[in-house]
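**Q** Residues per chain are reported as follows:
Number of protein chains: 2
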Amino acid sequence: MRLSRAFQPTLKENPAEAQIVSHRLMLRAGLVRQTASGIYAWLPAGLRVLRNIAQIVREEQDRVGAQEVLMPTLQSAELWKRSGRYDAYGPEMLRLVDRHERDLLYGPTNEEMITDILGSSVRSYKDLPQTLYQIQWKFRDEVRPRFGVMRGREFLMKDAYSFDVDYDGAVQSYRRMMLAYMRTFRRLGVAAIPMVADTGPIGGDLSHEFIILAPTGESGVFFDAGYEEMDWVGEAVDVEDPAALAAFYDRVTTLYAATDEKHDISAWDALAPDRRREGRGIEVGHIFYFGTKYTKSMDISVAGPDGAALHPEMGSYGIGVSRLVGAIIEASHDEAGIKWPVGVAPWKAALLNLKPGDAACDAICNDIYARHGEDLLYDDRPDRAGVKFADADLMGHPFQLIVGPRGAAAGTVELKRRADGTREELPLAEALARVFGA
Amino acid sequence: MRLSRAFQPTLKENPAEAQIVSHRLMLRAGLVRQTASGIYAWLPAGLRVLRNIAQIVREEQDRVGAQEVLMPTLQSAELWKRSGRYDAYGPEMLRLVDRHERDLLYGPTNEEMITDILGSSVRSYKDLPQTLYQIQWKFRDEVRPRFGVMRGREFLMKDAYSFDVDYDGAVQSYRRMMLAYMRTFRRLGVAAIPMVADTGPIGGDLSHEFIILAPTGESGVFFDAGYEEMDWVGEAVDVEDPAALAAFYDRVTTLYAATDEKHDISAWDALAPDRRREGRGIEVGHIFYFGTKYTKSMDISVAGPDGAALHPEMGSYGIGVSRLVGAIIEASHDEAGIKWPVGVAPWKAALLNLKPGDAACDAICNDIYARHGEDLLYDDRPDRAGVKFADADLMGHPFQLIVGPRGAAAGTVELKRRADGTREELPLAEALARVFGA
Chain A
1 MRLSRAFQPT LKENPAEAQI VSHRLMLRAG LVRQTASGIY AWLPAGLRVL RNIAQIVREE
61 QDRVGAQEVL MPTLQSAELW KRSGRYDAYG PEMLRLVDRH ERDLLYGPTN EEMITDILGS
121 SVRSYKDLPQ TLYQIQWKFR DEVRPRFGVM RGREFLMKDA YSFDVDYDGA VQSYRRMMLA
181 YMRTFRRLGV AAIPMVADTG PIGGDLSHEF IILAPTGESG VFFDAGYEEM DWVGEAVDVE
241 DPAALAAFYD RVTTLYAATD EKHDISAWDA LAPDRRREGR GIEVGHIFYF GTKYTKSMDI
301 SVAGPDGAAL HPEMGSYGIG VSRLVGAIIE ASHDEAGIKW PVGVAPWKAA LLNLKPGDAA
361 CDAICNDIYA RHGEDLLYDD RPDRAGVKFA DADLMGHPFQ LIVGPRGAAA GTVELKRRAD
421 GTREELPLAE ALARVFGA
Chain B
1 MRLSRAFQPT LKENPAEAQI VSHRLMLRAG LVRQTASGIY AWLPAGLRVL RNIAQIVREE
61 QDRVGAQEVL MPTLQSAELW KRSGRYDAYG PEMLRLVDRH ERDLLYGPTN EEMITDILGS
121 SVRSYKDLPQ TLYQIQWKFR DEVRPRFGVM RGREFLMKDA YSFDVDYDGA VQSYRRMMLA
181 YMRTFRRLGV AAIPMVADTG PIGGDLSHEF IILAPTGESG VFFDAGYEEM DWVGEAVDVE
241 DPAALAAFYD RVTTLYAATD EKHDISAWDA LAPDRRREGR GIEVGHIFYF GTKYTKSMDI
301 SVAGPDGAAL HPEMGSYGIG VSRLVGAIIE ASHDEAGIKW PVGVAPWKAA LLNLKPGDAA
361 CDAICNDIYA RHGEDLLYDD RPDRAGVKFA DADLMGHPFQ LIVGPRGAAA GTVELKRRAD
421 GTREELPLAE ALARVFGA
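Chains A and B supply the protein sequences, listed in that same order. Quick note on the UniProt record's numbering: the first sequence kicks off at 1 and runs consecutively. Quick note on the UniProt record's numbering: the second sequence kicks off at 1 and runs consecutively.
Here chain A stands alone, though its shape is the one from the complex:
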């Protein structure tokens, strides 16, 4: 994309309404615009990040055998009356009435709907297990929306739901999802630690939340240094092998890790002092096992091996996709702006033409743009170099390809790596290979 034509409005000043750094940077870098309290529109660069995150989430869900569906944003109140949650859910649930005076609500979560869909689609224990997921907009009517997309009202979430014939199967599904989550966060370029959690309004017996480490995080966190050295990704784990899943699960959940709410001082004191790590963190995912809570209350069953009806055992598994955009920025930025991990960056690189109109600069830039235009943002504006450097640092492209008259004459470009600020003067081909691969 050529920046001279891009809808890419950056702001020089810090917006007064933004209290935290990710919110400030998202507004300044032109990723989002607020359209109502806690409700945001995604501009092109922000949408590219959001879609990159969603795609990584999707691929890792698919990889452990989850199947994607898409449920509507609006739900019938009838469904929630069947589970008993319609009256129990607080004012965060946005309730509305259609032209025929029927009660609807904007889904804050989808346990009821997916349970109903499953119940009308499968009849036998042979049709299970199933894990279904969606990536869809949700609404929670927060009383004080703040921190930009970190605590917005309309937000994008990946929510998955597993259905198994018995407890053992449900545990396998839970562990598979743990594996998918660890792989997902690693691919997103962040460290997320699973911590035992309360089950809250979803209900249930077993739950972990996933916390990204960020100095500006909302919660204090305490964890064992072993998490810093761990193989999180489990590339070799066969998701069909219960023993391999159990070994992976034990590895990532056995060491001490807790938010301040659940901090256990005696367990902490038992840890060798040089293994103690303290910090702050942001919750970006939450998984639950809750057995037959919904299948029983909604009376959803399948025929078991003996012919008798059985209520499937369920779990649900969330990732805050839009929240992650803010959380990644909290975890990865400096004074100058965002530092995008390569996997989620809107563009892999900025191409900075320091002297548009100079024949050699234009020729090299046009050549690079013709080859890699999809993956880079070409700053072809007639502005000063300082403006271009500042905008590229603000927007956080992992690489900057800097083309000036002197290098252009010599056939070289400067390659800046945003993560550590290093700069190198390189022959064109080598610089491109570093950024885009050979």
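Among the hints, erroneous ones may be present.
If chains are identical, the list can't say which one is meant, so a pair holds when it fits in one copy or spans any two.
[To be verified] Derived BS3-like pairs (lysine-lysine); straight-line CA-CA distance at most 27 Å:
id: 1; residue 1: 81; residue 2: 138
id: 2; residue 1: 355; residue 2: 126
id: 3; residue 1: 138; residue 2: 348
id: 4; residue 1: 126; residue 2: 12
id: 5; residue 1: 126; residue 2: 296
id: 6; residue 1: 348; residue 2: 81
id: 7; residue 1: 81; residue 2: 296
id: 8; residue 1: 355; residue 2: 12
id: 9; residue 1: 12; residue 2: 348
id: 10; residue 1: 138; residue 2: 296
Since the hints were derived computationally from the structure, they do not count as laboratory data.
Position chain B against the provided structure of chain A, taking the given hints into account.
**A** Positioned in the frame of chain A, the structure of chain B alone reads:
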């Protein structure tokens, strides 16, 4: 995907509530489930079709220079009060109130919001032209939702909005979008004819709707046979060249074409009888030019070349993405089920193992599945061949790779082409090359 594990619930019986063939087939093939009146959940196969359509729409929008954004589903009523449409819009607009008693609405369209975003982001005529689009869920509270996703209440739409400094620029934007639409529908595997239309509640001076021909369509249509022979796609058209755009636009809009509402008997009578074509059709897109209607009413302006404020000229451009799923089925099916065009099919092929458990059949099927598992649905169920044939025809895969014991022994498979029902016994490699390319 292995069908034995897929969440792919097909129905043998015709659902009583479905009045039209696309609705019946979408329910029977397990593409969607109704969750409330006029509101649908998309099951895995249906979602794959929906995303394939959305991706083609996206690529063709990008190709003419439109940039993708994503606006929220809920909008502030304040925005619509500024344009004057809040009171004018009828009961199809779903209005709601949040916990702080602020008026919101579920967006039926986004002219107000995008105009406001543009106004807060650009300052100068140099920042224009811009065409922004999104693919997002909308809601229209139809008094009688029916025909499945063809007239649902929550529906997925591509809506684009162009902003130009003057009328000539706006015409270029309109023509570029005409080109994108013709390319889009052709890639979707359907013939859509542009017809002059009324501008309706969007308002404006110039408008076309795009009608897919289908014998079960909602409107009668009358058109010149020239549309049957036309180069719709304009591969060679340079979108930056006004003369090339004008020539393309004239070619696709000059011949006679009208729905029964706008049918002009005298123009029809002037056409040579052998050039007259009559049929039925379904509206799947609608484009509008309406000048400064919103930029004036909402007082959005940029500084012009002379420094004076100017109100940008606008157009808006819709494609019914979820509606297209139904419309394509209306245009492409037979008694046995759906016939998906290759570009939108959930899977390119079904792989039918006629004798699971037979070593030769299993070996060939596993080999094919290992190589092309992403692009095919492997029917590995222990069912009769007749059940497999019926489900594959119902689901409408463009190809069926049929593996039986006799062929397996000889190293051949049967390839059935769903479009015309032809079957051929082919060596394995040749069959795969026909389906997946060399």
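**Q** For every hint, state whether the structure bears it out.
**A** Hints and how they fare:
| no. | hint | in the structure |
| --- | --- | --- |
| 1 | 81 <-> 138 | both (19 Å within a copy, 26 Å between copies) |
| 2 | 355 <-> 126 | between (67 Å within a copy, 20 Å between copies) |
| 3 | 138 <-> 348 | neither (30 Å within a copy, 32 Å between copies) |
| 4 | 126 <-> 12 | between (60 Å within a copy, 19 Å between copies) |
| 5 | 126 <-> 296 | within (19 Å within a copy, 62 Å between copies) |
| 6 | 348 <-> 81 | neither (48 Å within a copy, 41 Å between copies) |
| 7 | 81 <-> 296 | within (14 Å within a copy, 47 Å between copies) |
| 8 | 355 <-> 12 | within (22 Å within a copy, 68 Å between copies) |
| 9 | 12 <-> 348 | within (23 Å within a copy, 49 Å between copies) |
| 10 | 138 <-> 296 | within (25 Å within a copy, 34 Å between copies) |
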